[in-house]
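Residue-level listing of the chains:
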Amino acid sequence: MAITAAGAGSNLDVNGIVSQLMAAERTPLALLQKRESDYQAKLSAYGTLKGALSAFQTAMQGLADPAKYNAVSASAADSSLLTATGNSNGKAVPGSYSVEVQQLAQQQKIRSEGFASTSSTVGSGTLTIQYGTYDNVLNTFTLNNAKPAQTITIEPSSNTLSGVRDAINAANAGVSATIVNDGAGNKLVLTAKDPGAASSLKITVSDDDGGNLDTTGLSALAFDPTVGGGSGKNLIQVQAAQDAKLRIDGIDIVKSSNTITDAIEGVTLSLLKTNAGSPTTLNVSPDTAAAKTAVEAFVKSYNSINQTLSNLSAYNPGAKKGAILQGDSAAFSIQRGIRSALTAMMGDSRGFTSLSQIGVTLQKDGSLAVDSAKLQASMDTGFEQIGRLFTIGGTSTDSLISYEGATDKTVAGNYAVTVTQLATRGSLSGSQAAGLTITAGINDQLNFNVDGVAASITLADGIYASADALAAEVQSKLNGLSGLTTEGISVSVSPSAGVLSIVSSRYGSASSVILTGGNGAGNLLGASPVGATGIDVAGSINGVSATGSGQMLTAAGGGSAEGLRVAIHGGALGTRGTIEFSRGYAERLSKVAEEFLATEGVIATRVEGLNASIKDLDRRQEDFSRRLETVEARYRAQFSALDAMLGSLTQTSQFLQQQLASLPTLNEK
Amino acid sequence: MMMTSAENLAVFQSLSDLTGEMREAAQGSEWDRLAGLERRCAALVAQLESAEAVRLPQDMQRQKVELIHKILADDAAIREYTEPWIRQVQALLGTASRSRCVRQAYESGAWNF
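So the protein lines, in turn, are chains H and A.
Mapping the first sequence onto the UniProt record's numbering, position 25 (from 1) lands on 25, and the numbers just tick up by one.
Mapping the second sequence onto the UniProt record's numbering, position 78 (from 1) lands on 78, and the numbers just tick up by one.
Keep in mind the hints are simulated off the structure, nothing from the lab.
Note that the Cβ used here is the ideal one computed from N, Cα and C, for glycine as well.
Where hints are given, some of them may not hold.
Residues from chain A shown here face chain H by an in silico Cβ test under 7 angstroms; the list is partial [said to hold, decoys possible]:
| hint | residue |
| --- | --- |
| 1 | Ala35 |
| 2 | Glu38 |
| 3 | Ala42 |
| 4 | Val54 |
| 5 | Ile68 |
| 6 | Ile71 |
| 7 | Leu72 |
| 8 | Asp75 |
| 9 | Tyr81 |
With the hints as constraints, model all of the structure from the sequences given.
See the structure below:
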């Protein structure tokens, strides 16, 4: 009879066996953990790629600026007289100019009489500041139509000299105020922010003490240059407003500012001092160094993203190992998108159309290299064409048509423009000559609706010298209304044989000027003024009917010109030449990067997918661990039970064998 | 405790029935059932151990001997079936075959016993 324990029973190390068994059961868990760490590594690689792509996009956005390629350098022989820089519009024509500065522009300064202290009471009420030109021969003040009237309220709580100063400065009304202590008293000095003869000040006061012209109360600050001291001209001029006067190549030029952007096309002049009688020479030349820097920056940025992509996705033959994103379709599509943008034809048919033409060539390893000599040669022959190769833009063959913009869908090319209707502005014309006598409370109120916005004004009372003066007052008051300025709305008011007409500055169907009431309506515009709503421009671009809004004509969808926007500033109806639209490498690449980085873009989608997979793996690991616990408990219970059972069974068999042994009679039989 | 000869023989008969069932459970790898049956056996054996010796008539004594031999045969058979399971566990611990076995078991779903 062979009954053996065979190493079972209480000899079994249950804990040791179960723990070793569980280690084996955990193998799939380790596989899940490995997969998760692979996903985490990919996620981090996408983070790196996203950062690099984002830096690339920023660089390309910067390099899509035409000013980077079209810069001119301008310098005066005597830089203490004036400095010059090229404008961003890149229209400067190289050459040299003779410049003589006869007079510098300056702003007007006027001051009050002395006050005992800065806390002396001045008064309260409102100050209305108007800008214009004072003619001291004719003693007339002509309003500056471009600068609307400003009103500053001086509250009784801030009626001291310093309070008035602070209120004026806080109003930001084109005038700054300071207090000068000359030893004898404190004088309030008002300085116009803008220089130029047309920015002379006229200050009218509505004084809370009732006397608007006298030297008592707030009216001490009144300044009408055409009247006498003590009766409305209560401030004293310290410095007269004057224009800059200069002569360029024998041509006399008058400008309101010492910074002159429109005397020599594409060049900004900053006048520093006069040199009457001894002109200096200004040289304007293309800034090829700046253009070269921009092209090199483009190449460097491109090479940087190319390197990042290659580091993340290439196979490394040395390590015999693929990079983390090797074979990844997202990384591949980004690489392909960027490369294909680089090999597409850019620019337009009048200039360069590929990078290789300017000495930028693709190398075998996918990077770009610059041939400096070839780049310099291309700049020497076609400097103004370089920018077109990198930036978005358009040029028109018709001077009254300008390129205004395009969308991502607009394809580079040459597009014909035909105009069938010109845009007009909304207007209102009086039915009779305007009355020149305005009386407060009688005929000084006018209510309008300009471009759909309500506008109410109160005209200054008095007898106006001419319809021009009254027109200037109406325009100044309307354009000074914050309700209109915040909407970007303005009007121009002009008389024709004494009849005023008010024209909105906006073009198109949204433009209108409507008289809605006011006691001065009849006096100003007659019994039946005639209004006209503006109309939108109409025409076609690239042979397809375009959408008109104001002066803006936008090419309809579907064609290659889709989204191209041009402004028609006037001119004849019919065929109007062409717009040459170019789309440059920097612009294109910036857009490509933007698409990849978009919320719904390839990287975001991939990251989202990885995050979901990682979450799923976490869940599976958790499930698995839970199941392992159950398995372990089961193992443990069974081992314990069998261990106990085998021990007990041995005892049973021993007992039974004793029983057999104690039965001699039977055995002897 | 006193036990009649008939009672004594009935206990051996019960033991024999139980070890027979245990043999089936071990053969079917029903380890939990096996352990349960064994606990009932152990209780019966404890009962026998605590009882005073009973003198049986010869024919009953022969039956008792036959029952003990049958029980010991069951015991051997039970070990025969239980030990391979123990060996299987030990085989799982062998480094070479461990992970493969476990993975196969995992993939086939058999691990979820």
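Structure-based check of all given hints:
| no. | hint | in the structure |
| --- | --- | --- |
| 1 | Ala35 | 4 angstroms, holds |
| 2 | Glu38 | 4 angstroms, holds |
| 3 | Ala42 | 5 angstroms, holds |
| 4 | Val54 | 11 angstroms, violated |
| 5 | Ile68 | 5 angstroms, holds |
| 6 | Ile71 | 6 angstroms, holds |
| 7 | Leu72 | 6 angstroms, holds |
| 8 | Asp75 | 5 angstroms, holds |
| 9 | Tyr81 | 11 angstroms, violated |
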